[in-house]
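Undergrad: Line order of the protein sequences matches chains A and B. Residue 1 is where the first sequence starts when you use this note's numbering, and the numbers rise one by one after that. Residue 1 is where the second sequence starts when you use this note's numbering, and the numbers rise one by one after that.
In case anyone wonders, no lab produced these hints; they're calculated from the structure. From a predicted model like this one, the values you see are computed outputs, not experimental measurements. Glycine residues also receive a C-beta, built at the ideal position from the N, C-alpha and C atoms. It is possible that some hints are incorrect.
As the list claims (entries may be wrong) - Some, not all, of what chain A presents toward chain B, calculated at C-beta under 10 Å:
(1) K25
(2) K29
(3) D30
(4) I33
(5) L40
(6) N41
(7) K42
(8) D135
As the list claims (entries may be wrong) - PhoX-like cross-link-like pairs, simulated, lysine-lysine; straight-line CA separation at most 20 Å:
(9) B/K31 - B/K65
(10) A/K133 - B/K65
(11) B/K76 - A/K46
(12) B/K207 - A/K42
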Amino acid sequence: MIKDSIINIIVAAFNIISGLTILVKNKTKDIAILKSIGVLNKSIVKIFFLIGVIIGTSATAFGIMLGVIFSIYIENLREFLSSTFNISLFPEEIYFLSKMPSEINLTSIFLISICSIIITIIVSIFPAFKAAKLDPIQALKYE
Amino acid sequence: MNSFLELKNISKNFNTEKKIRVLNKLSYNFKIGKVYSLMGPSGSGKSTLLNLISLIDRPTNGSIKFDNIQVNFNDKNKNDIFRAKKIGIVYQQNNLLPDFTALENLYLASLSINDNKKIAMLKAEKLLKKIGLISRSDHFPSQLSGGESQRVAIARAIINDPDIILADEPTGSLDMKTAKDIFALLNNQKKRNRLIIFATHNRFFAKKADYLLELTNGSIKSTNA
């Protein structure tokens with residue numbers, strides 16, 4: 001379970017890096033305008049860092065909420081899918097399970113949330129600094 | 001009248017595949033309370049010169065002094081603060097942030113010098129009223145005409161009460177009537193004892209300045225307009 005969580009967090013971290021990098025690229029001209037009106041580099045870092053943290057934190061909260069709901073109603077979901085598509089999902093005679101097993105472990109939820117938020121904060125720094133380093137002249141000239 | 005902005009032996013080279021010298025030992029003194037028009041063919045270095053004066057770019061050689069204080073181009077932070085407080089910039093087009101309303105575009109510039117949001121908003125509203133666009137304060141740049149956008153851009157340039165206004169072809173993409181209105185708004189800033197430098201291809205507007213500067217071969221030739 002921990003191994004799966006680590007893989008999920010790494011994937012999420014890469015998603016945040018690529019998402020923010022694309023955002024910085026799309027907002028090149030806006031960053032140049034902000035610089036031209038005297039907005040400090042540290043403020044630009046703050047803007048993109050905050051975006052990363054907001055995305056990461058809200059995604060963590062949303063993911064946990066969805067995961068908990070999924071865990072609680074996993075058996076209902078299995079029954080619903082089986083009846084809707086007229087198939088036997090995880091049949092008892094093969095899997096030896098009378099119902100889908102699921103366990104909500106508060107310690108795991110807490111640890112995974114903290115880890116993903118910390119990783120989000122760390123990975124948001126790189127695109128934020130990239131945004132601050134943009135050359136406003138090039139951006140205004142070529143955008 | 002003492003010079004407020006002093007350019008001394010300014011050279012600017014661009015090292016692309018070939019080394020291009022855009023400005024060549026350019027020296028000139030600008031006085032506060034005067035309007036200067038900057039003319040010259042495309043590629044003559046008008047925008048480059050404005051970028052150097054606005055401290056967005058740095059010269060290859062030479063020095064710039066504001067009010068007798070020499071600019072240290074290594075101190076980016078100080079120069080950014082100086083630009084926010086003392087220099088207002090207007091570009092030809094698309095110089096408003098597209099995701100922000102006219103009002104937000106204005107007060108963002110004010111926030112850059114540490115004003116609190118309430119004061120910044122009040123200042124922005126007052127300026128929008130002054131330029132006759134208060135009814136458009138909630139409109140995004142895409143909902144404004146070219147002339148209206150340019151008026152908002154000029155308002156943004158003056159919101160922090162700068163000493164210098166730099167305009168890079170501010171009327172370039174506008175029809176003659178709108179261009180005249182924009183120019184009048186810009187020219188009006190002279191009364192506030194500001195130094196205004198604008199680059200233009202339009203000789204009609206260039207001649208309305210106190211001084212007409214021609215950029216040729218990387219140097220300035222000045223005439224009283």
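Undergrad: Hint by hint, which ones does this structure get wrong, listed from lowest number up?
TA: Hints 1, 10 and 12 are the ones this structure does not satisfy, whereas the remaining hints hold.
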